[in-house]
Amino acid sequence: MDQYEINKTASAEWPLWEIFIRSKQGLDHKHVGSLHAADEQMAIENARDVYTRRMEGVSIWVVESKFIHASNPGDAAALYDPANDKAYRHPTFYNLPDELKHM
Amino acid sequence: MERNFEEVFQDKIDKEIKIEPKDWMPEKYRQTLIRQISQHAHSEIVGMLPEGNWITRAPNLRRKAILLAKVQDEAGHGLYLYSAAETLGISRDEMYNQLHSGKAKYSSIFNYPTLTWADMGAIGWLVDGAAIMNQVPLCRSSFGPYARAMVRVCKEESFHQRQGFEILLTLSNGTEAQHRMAQDALNRWWWPSVMMFGPKDDESPNTIQSMRWKIKRFTNDELRQKFIDICTEQVKILGLTIPDKDLKWNEVTGHYDFGTIDWDEFWQVVQGNGPCNKERLETRKKAWEEGAWVREAATAYAEKRKNRAATKAA
Ligand SMILES: [Fe+2]
Ligand SMILES: [Fe+2]
Ligand SMILES: [Fe+2]
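Going line by line, the protein sequences match chains A and B. Residue numbering for the first sequence follows our numbering, starting at 428 and increasing by one per position. Residue numbering for the second sequence follows our numbering, starting at 6 and increasing by one per position.
To be clear, the hints were calculated from the coordinates, so they are not data collected in a lab. Ideal Cβ placement from N, Cα and C applies to all residues, glycine included. Fair warning: there could be bad hints in the mix.
Here are a few chain B residues that face chain A, going by a calculated C-beta distance under 10 Å [unchecked claim]:
#, residue
1, Glu25
2, Lys27
3, Gly81
4, Leu84
5, Tyr85
6, Ser88
7, Pro150
8, Ala154
9, Phe170
10, Arg300
11, Ala305
12, Ala307
Every beta carbon over 12 Å from chain B, so not counted as near; a handful from chain A, in silico [to be verified]:
#, residue
13, Val485
14, Ser486
15, Trp488
16, Asp508
17, Arg516
18, Leu523
Build out the structure end to end from the sequences listed, making use of the hints.
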């Protein structure tokens, strides 16, 4: 009986949503936090109240958290270190004469 | 191997590199943070009750709109913080459960009653003031989601304190009865506010570890002294008197000395025997239980819409 009650409450929790806000027309949507809501419409309405009380946004994206897949922090070295020794991808790598203009 | 993980972890913290939810962390760090962040969230939520008590009785429309906005902010703070705690692997329902069962604590200050309108002033100035003093250093917490939530909270807190000070200033400069009301509120809220910083350093055994982990940046006594120094100056503008006859400037320390704190009272309230502990908890539980049908109906409606969309697609 107790077990049943616990399961009932656990499954009754509204899903978690990740909230992304575009602060100004022309800028990217940026992750601001998360919240619980029964569906996407409620998630947007709640996000409006929780994350844009001071005109922080002009557009809201909501994504159910279970659909976010993240890289593993343990893989950071394998993923990002190889970019470390490729300084030639940056313009400052190239030593060119000072007389050269418009480049 | 464990040792090695722990060294890498501490090394990141020493270098001010934030810890994110999926990073390895000692179990004790996780548990301590869950407790710290959820207690903070509970405080924001329960903290709406003493002020909510005066929304319908605000003296004018301007004050009512301001108080409403402030209380709504506190709800938002609670929500930012609950979701920060959830990244550590505890569910929202479990946190509510801990609050409602009395297992989790919240700030004791909210177990005092709000008897007059002047209390809205005293809470804004002192309680939000003390909260800000606690929270500003937490914007640099080593745990990323908590630090980011605190940045947002701190931005919003500033008006809370200013509107409170404005209420007291207006009352203090008003009629004699209003002035008395402001002084009375200060008399009742001063010591509980001073206690908000928690037990004295030598009775706060977890401080050293928390400071090493950078989830606490200053000790309770350091923050308390700073609060008292600032308020002692600000109260002069209000034309009111802080109810502490031992309060006096100390040339040597460069701080104000203050009277003895009634720690008996502090522990009594922490243990559930404050004037409003029972009422606050009952109110929260009632809100949760009476909201059950709304949560269930919304879930059922979402389910129905999903099924309908699925049928249409098929
Ligand atoms: Fe707050
Ligand atoms: Fe707060
Ligand atoms: Fe506040």
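The hint names Gly81/B as touching chain A; please verify it with the least Cβ-Cβ distance against 10 Å. OK, holds: Gly81/B within 10 Å of chain A, min 5 Å.
So is Ser486/A really clear of chain B, every C-beta pair being over 12 Å apart? 18 Å, holds
Cut-off 10 Å, beta-carbon criterion: hint that Ala305/B touches chain A: At 9 Å from the nearest chain A Cβ, Ala305/B passes the 10 Å test, so the hint holds.
Does Arg300/B meet its interface restraint, that is, does its C-beta lie within less than 10 Å of any C-beta in chain A? Check passed: Cβ of Arg300/B comes within 7 Å of chain A, closer than 10 Å.
Have a go at the Leu84/B hint: is there a Cβ in chain A nearer than 10 Å to its own Cβ? Holds, because the Cβ-Cβ distance from Leu84/B to chain A comes to roughly 5 Å (cut-off 10 Å).
Proposed interface contact between Ala154/B and chain A, which counts if any beta carbon pair is under 10 Å: Because about 7 Å separates Ala154/B from the closest Cβ in chain A, which is inside the 10 Å limit, the hint holds.
Is it the case that Trp488/A keeps its Cβ farther than 12 Å from each residue Cβ in chain B? Since the minimum Cβ distance to chain B is about 16 Å, Trp488/A lies beyond 12 Å and the statement holds.
Using 10 Å as the Cβ threshold, decide whether Phe170/B counts as touching chain A. 20 Å, violated
How about Glu25/B: closest beta carbon in chain A under 10 Å, or not? Given a least distance of 7 Å, the restraint on Glu25/B holds.
Close enough to count: is the Cβ of Tyr85/B nearer than 10 Å to one in chain A? Nearest chain A Cβ about 6 Å off; hint holds.
Verify this label for me: Asp508/A is non-interface relative to chain B, using a Cβ-Cβ cutoff of 12 Å. Correct as stated: the minimum Cβ-Cβ distance to chain B is 16 Å, above 12 Å.
Would the stated hint for Lys27/B survive a check requiring a Cβ distance to chain A of less than 10 Å? Constraint on Lys27/B satisfied, holds at 5 Å.
Hint compliance for this structure: hint 9 is the single one not met.
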